[in-house]
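Which chain is which? The protein sequence lines are A and B, in order. Per my numbering, the first sequence starts with residue 1, numbered consecutively. Per my numbering, the second sequence starts with residue 1, numbered consecutively.
When chains are identical, the list treats them as one kind, so a pair holds in a single copy or across two.
Simulated pairs of lysine-lysine, BS3-like, Cα-Cα distance not exceeding 30 Å: (1) 194 <-> 245; (2) 52 <-> 261; (3) 251 <-> 304; (4) 251 <-> 194; (5) 217 <-> 194; (6) 159 <-> 94; (7) 83 <-> 159; (8) 275 <-> 261; (9) 159 <-> 52.
The hints are simulated quantities; they were obtained by calculation from the structure and are not laboratory data.
2 protein chains.
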Amino acid sequence: MDQIVSNIIKMTKPLDQNADKSTNIDSAITQLQELVAKDMLVVNQTILDRMKSPVVLIPELAGHLIASGGKRLRPMLTLACAKLVGYEGQRHTKLATCVEFIHTATLLHDDVVDESNLRRGKETANVVWGNKPSVLVGDFLFSRSFELMVEDGSLKVLKILSNASSVIAEGEVLQLTTTSNMSTTEDAYLEVIKAKTAALFAAACQISAVVGERSEKEEEALKSYGMNLGIAFQLIDDALDYSAKQATLGKSVGDDFREGKITLPLILASRRGDKEETEFWKRTVVKLKQDDGDLEHAISLMQKHDSINATVERARYYGTKAKDDLAIFSNGKHRDVLENIVDFCINRAY
Amino acid sequence: MDQIVSNIIKMTKPLDQNADKSTNIDSAITQLQELVAKDMLVVNQTILDRMKSPVVLIPELAGHLIASGGKRLRPMLTLACAKLVGYEGQRHTKLATCVEFIHTATLLHDDVVDESNLRRGKETANVVWGNKPSVLVGDFLFSRSFELMVEDGSLKVLKILSNASSVIAEGEVLQLTTTSNMSTTEDAYLEVIKAKTAALFAAACQISAVVGERSEKEEEALKSYGMNLGIAFQLIDDALDYSAKQATLGKSVGDDFREGKITLPLILASRRGDKEETEFWKRTVVKLKQDDGDLEHAISLMQKHDSINATVERARYYGTKAKDDLAIFSNGKHRDVLENIVDFCINRAY
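In isolation and in its complexed conformation, chain A is listed as follows:
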């Protein structure tokens, strides 16, 4: 495995025309963290409090995932959007916790599903504890999330988040039906990532407008911002799965390839390929007959057809739309942070 990673690092240089972005990226996430630091203390404490259970395996397993260094981007979005709309109450921290619990439950179930071995550079919960506890602790966090929403008491928030949960599950099932299916179109792929990823980003942002009691126009704007940001985020995630940057971050590269997951870098490369290349994709992705060197060859085909860059370009398009969604809010620090976080999500590809 180390040899593969080192090969990939040699093969795929970071796209250096954007290398100067790295400072901005770091400062964008730092700005966001600073903006919501006080609220995140409350969120982190609420997470710990609400994953408690007399059944010790639950906090043990949930804590493994929750402590494993995720950026908590989704709850931070809820908190930052609440600031953008001038909300000054306390409900947003509880709802940000709900968002993180739904996300964590999805990860736990997704890991069972994908049999992936590495997330955030650590062993996944299902590798450590097995599939059984991962499914059930996911169910617990999901239920706990709804209990928290009920405590908050807004039927509108409940509607937004229960709908997002349905859509996420639909998206995950849809993704299964596209697996190893080379006729998956770019549109079908977009449907999957909108549902499985962007819907929760959208809900995370929208609920802030609800607790802030803002106009439907502002609510829709934040929902759209989250949706576009979420699409860009997932496009970059899928590009990173074939990139040297991912390898240097200690995450596994090529998970999607090994599982026959049809993502945009693969769709674009195979669409642009000749007959011989089509046979290669059929063998490796449809039949999942993969040998040493196949991942490297897949990446070289993506580079030949520039499909990873093309994926990043799509992400830029959605990133621009996300920024445009913020236009109705007044200029200032809060809007700047939310605009910069779009660049952060895109430029982490480098």
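Please arrange chain B on chain A, whose structure you already have, making use of the hints.
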């Protein structure tokens, strides 16, 4: 496998002192079905409508389980309790659907977990479709259930059902931690079945008092009725797992034994056993080293120590408590049906 079943049938005769109960059992479930027949038509249609999705695998997989002949006892309890409290609106059918969706989601996740091969005499969804879709379609039904509750709009109902869902997940995880653990006490076992099974029975009954806008006393009475009935139901389920009756119904016998699941028939038999028997349980249930004939030997030990009958006796105790819970409601057809269903749940062991 057929040979095992036939051996078990020879070994374990139905407890014939109660054989005359069979007519009453059939009539009890028929009475309940007749009482709620009209409402169940609505529930069945709502189930079909709400499991629809453009992702065809979802209705396909969910339909497999939902069409596979379960009695829909839980939603029938919601409907019958609504009649008991004189509710004449339409909300109860939607909420009965929520209850069935939560139950179905739990089954889907439980099948993944237990790798059991037979439920209701058919192949489980995860055997047919694999674990991945089962987890995700379970998530979909669970989310859909919350969407339905939100449509109903009662925060009190949402609180009861989201709490029940958390408790169920906790119970399932707790059950994992007792697996292959011979020091599991009867009390610990009771905690598991209260959480994983009885909590949903309790919620299914309690919400009827809520929609009927009845006193807290009646609400608590129905909750307690459901809880006691649910405990009795699971005790009998666990007895059936070692019984000839189960074998004749085309369900697998000995699933719990094979998985090292610690249920009351096993707890009582091992507690009453000698040193040699303790070694047998250690090998088969703790180390899960099982040979041909071990299941039959386990059953013979349970018969020797009368632990299956003792389990049924415990169920009777909870059944009596369930009937007592109904005492505050006026006598009549509705109360009779709910009392008789207690006997149905217990006497299906014969």
